[in-house]
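A.B. asks: Sequence:
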Amino acid sequence: MPLITKTSLLSIFDLRNVSKRAYIIYSIAFAAGFILSAVYYSLNLNKSCISTALFCFCLGAVMVLKKLGILNKIEYYFLLIVSAHLIISVIVEGAQSGQCFYYFPLLIGIPVIIDFEKSNYKTLFFNFSITVISFLVCLFLGLYTFPMEPVPHAAQAKIYLCNALTSIIMTASFAGAFIFSQKLNFEELIEEKNNTISSRTRFLSTMGHELRTPLNGVLGAVNLLKEEKYLADDNEYFRILKYCSGHMLNLVNDILDFNKIEAGKLEIHPIELNLKQLITDSTLPFYNSFEEKNLQLMVDIAPELDAFVLGDDIRIIQILNNLLSNALKFTAKGYVKLSLLCMQKSNNKLRTKFIVEDTGLGIDKEDQSKIFESFWQVYDSSTRKYNGTGLGLSICLRLLELMNSSLKLKSEKGKGSIFSFEIEFELLTKQTSSLTGIKQGPEDLEGLRILVAEDNKINMMIAKKILTGYKASITCVFDGQEALDALELDANYSLILMDLEMPVMNGFTAITHVKTLYPTIPVLAFTASLIDQEMLADLLTSGFTDFIPKPFEPHQMFNLIKKYAVLSVANAPVIF
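One point on numbering: in the UniProt record's numbering, the residue at position 515 of the sequence shown is 515, and numbering is uninterrupted.
There's no promise every hint is true.
Unchecked claim - In silico SDA-like cross-links for lysine to any residue, where the CA-CA straight-line distance does not exceed 20 Å:
| id | residue 1 | residue 2 |
| --- | --- | --- |
| 1 | K73 | F125 |
| 2 | K276 | Q318 |
| 3 | K345 | N404 |
| 4 | K67 | Y23 |
Hints were generated in silico from the structure; no laboratory data involved.
Nothing here was measured: the structure is a model prediction, and the numbers come from that model.
Take these sequences, add in the hints, and give me the full structure.
C.D. replies: Dropping the structure here:
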């Protein structure tokens, strides 16, 4: 006998299929009527037996006609047949037989057999009215008419008990069928929603990869142009290219981060960092933009915050970048001030308050809650001239929630805004921090040999140009198999940069061979994919040492290569 699966049950108890709902109720009512007919027959109550049998016949006829496609709206026939049967039963037996109990399962059955999700209130009211009127008619007939078939006192108690128990069982059955159907339908809707979110997540991740790959070429070209001496710093075309590429990257990152939030994959990854240095470095890219608008950017950091802590540097910078970018965007004159206050400091805890204050447009009180809603700015006419997805603050809010914090706002229209939040860090002492005492290495990569596996020729050209600018020796290959062939000829490489998506042999396949044959060479994943904790774990498990995201800043690539390639030179028998 085949097992009854959840899918097969759902096909039976499908709330979106009215005919199946009605079929369940009809089957229960038909079974109850058949049993009562047998009970009446055993008690020699012929008229009651005939009326109940006639009820079963009418119910069965409607079911057959529905099956043949002759009738459509059978729920109304059911309601009329049951109401007529109960009235006839009272005329035949009288009110003392307990027939009125069947109005309880009937009331439960109405929303089950009627498509209540699509029906209007008038339809539901009409059906309930028929039931109530039928109930009042039964009461009137039971009180003021003499039954056609007098029921003996001994049989009357049995019929009363039988009707009471049957009506209770039918009520429970109708309610149970309804609740169970709702549960199965609800689970299916959740599964459909999860599948939709999963499909959308995969789609956006794929699109993010496809968008970030050409953006890497654009931003890489911009960074290279910055180094060319013949290009004037005030070149208008260069500034347009730089702004548009950076703006597009921010939009892509916002959408991908929002996608991760909805998928529940946005996470915090604390590392050791110097808080003062982190904030100082994070504001450096903003000074030129503020000077172009004749605005003053002020940074005030409490002396106590020159300390090493555990924190997610990427997410903290992301929050500050969003707040500073908004302040820059909506401030026409005056200043923007970033303040860091030390709220509490103990042996192992450091509580810091971040404040971003501006003299910009300000926000109406009625709009202050809306700005944290996703996509709000896109649809708000007052900010139409300011570009953006409207996702920045909602992403900040979610990131701060993951850090057990919240974003607070004080603002008045025309008088600027103050955004603030507090974060408690784990404080590291000089003894516990591994960052203190690190000596700075050389400012180039001279003497290092790097193997770059990248199938996109533009990205390869950008990476090669940047790395040769740092005086590294570069070997270029275009897929994983070529990388293995190059290593077989000469394995004296300080580090390997390997793309994940390549023809012939991808990065995940190539890394397994590289780590088996050349385990001392560090391999950095060179990818445009959006890296979350799950994917990072997969990369590390596969054998990658770390990753460089695309698009990347030259100093980002330089720092990672210097970090791992220097260790490679120290630990591997490689001679340069």
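A.B. asks: Against this structure, judge whether each hint is valid.
C.D. replies: Hints versus structure:
1. K73 <-> F125: This hinted pair holds, its Cα atoms lying about 17 Å apart.
2. K276 <-> Q318: 16 Å, holds
3. K345 <-> N404: Distance of about 18 Å is within 20 Å: holds.
4. K67 <-> Y23: OK: K67 and Y23 at ~10 Å, within 20 Å.
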